[in-house]
Amino acid sequence: MFFTAITTVAITLFIVGFFLIVIYDIQGILTSIKSQVEVAVYLKDNITDELKTYLENEIKGWDEVAEITFVSKEQALEKFRKENEGSEILKEIQGNPLPASFELELKSPEKVEQIALRFLDKDGNFIEGVDEVIYGQNYVQKLFQITAITGSIAFLIIIMLLLATVVLIFNTIRLSIHARRKEIEVMKLVGATNWFVRIPFIFEGFFEGFIGSIISVILLYFMANYLLIRGEKAIVDTMHIKELAILGSNNVIIYIYAGLIILGGLIGIFSSSFALKRYIRV
Amino acid sequence: MIEFRNVTKIYADKTSALKNINLTIKKGEFVFIVGPSGSGKSTLIKLLTREIPVTNGAIYVAGRNICNLKTSRVPQLRRNIGSVFQDFKLLPNKTVFENIAFALEVIGRPSYVIKLQVPQVLKLVGLEHKMNSYPHQISAGEQQRVSIARAFVNRPPILLADEPTGNLDPVTSEGIMKLLSRINLIGTTVAMATHDKNIVNSMRRRVVELEEGELIRDQKRGVYGI
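So the protein lines, in turn, are chains A and B. The first sequence begins at 76 in our numbering and counts up by one. The second sequence begins at 1141 in our numbering and counts up by one.
It cannot be assumed that every hint is accurate.
[As the list claims (entries may be wrong)] As a list, the in silico EDC-like pairs of lysine to aspartate or glutamate whose alpha-carbon atoms are at most 16 Å apart: (1) B:1229 x A:260; (2) A:119 x A:149; (3) A:182 x A:113; (4) B:1234 x A:258; (5) B:1186 x A:260; (6) A:109 x A:180; (7) A:257 x B:1227.
Calculated directly from the structure, the hints in this document are not laboratory data.
Please model the entire structure based on the sequences and the hints provided.
Written out as structure tokens, the structure is:
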């Protein structure tokens, strides 16, 4: 019975932990993507230096903008060449067709649309000197929706999993107590005090929860380090995310591990205390 | 030693198990509680160990009303009352010695006391040679002796037996009765619920008869039926 309970705790908490890590991970990736939402303001080739400087100063004054970088025509071409190295397309390019631009990094990515609108005049045309403004309109809106939805779904899943875990562990411990009900009955009949009966079971429940959760954390540790981080690297590479504030560089996973161990111990103690109530009343 | 004053017990499902029972059992007495199944014998015994609460009336054990005993004091009461059951209630995964020792361990007796008292009580019940056997390795009569040894190892002043011979053949039952008589002779008050006519008739002890929860007969040196 002891091992059944430990296995149950280990497996259920592993699943809870797995979901916590994966969901936290996904949220982290989405946040990194969000923080990289940029507005690219392409300038007309014939823009005067005065107008360029004027625009640059104007944009710098906006609170929502974290950083503004000027990319000249030459830099743009250089960047383009690097990104398409070895490609046929480079041979086709004559002169420099690429425009100069301002790249804006935002403090609050949610305001990207408002900022983009500032480059339009009353009639809906781009203001003088600006050729085009690009910020991935649909993509950005969808991304924000997805983050919000996955967040609430994740929350629900974790709550359900936790409930299932508590019920499952409680039942397992109750079964192990049920298997020893005769012993409890005899103890009570020869005059053992309630606490004398209770304490060994509570200790047992605690150890079952504690050891089970430690096993789950060990499994999670290996899973996170050998599978998740590789998966993440793949995501980072394919999606061109600059930085990922996740597993390797973050303490959150430690908190998840600690939380699982504390949870395991507590569930063990409470399950055995509650399950005992029925048998102790002789 | 034991006194029932106007004791009534009605179970939660409204079945009335005991009706207005008045009964006094003196120290050192041996009392048979007889009556058909469902007459209230077991209820009477369960009330004494506070396994179930009374509905009305008062029960005094050694001068104390046990009906208003705090839950935390119930273990103390049970340490002064040995209980023997029809189904022995031995733990199958413990040896004879361990089963008896268990009763002392759970009330916090030190191990040197256990090592001293368990062999003594095993000698009293005649099973010192079986102390390392498991319950399934010994006969039903021997198992009941072990359960009596367990009930008596703490030398309680009162011993309650609920149909202790219910699962035993007449010869084995006779041996159990001799054992209970011996325990009674040492000064222990013994109350035994039974519907075994032969035993009651051969012992010629006090007989209390219950019928449908009412006390209908209380006779010194009685027989099972009139």
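Comparing the hints with the structure gives:
{"no.": "1", "hint": "B:1229 x A:260", "result": "holds, 9 Å"}
{"no.": "2", "hint": "A:119 x A:149", "result": "holds, 14 Å"}
{"no.": "3", "hint": "A:182 x A:113", "result": "holds, 10 Å"}
{"no.": "4", "hint": "B:1234 x A:258", "result": "holds, 10 Å"}
{"no.": "5", "hint": "B:1186 x A:260", "result": "holds, 13 Å"}
{"no.": "6", "hint": "A:109 x A:180", "result": "holds, 11 Å"}
{"no.": "7", "hint": "A:257 x B:1227", "result": "holds, 12 Å"}
When each numbered hint is compared with the structure, no violation occurs for any of them.
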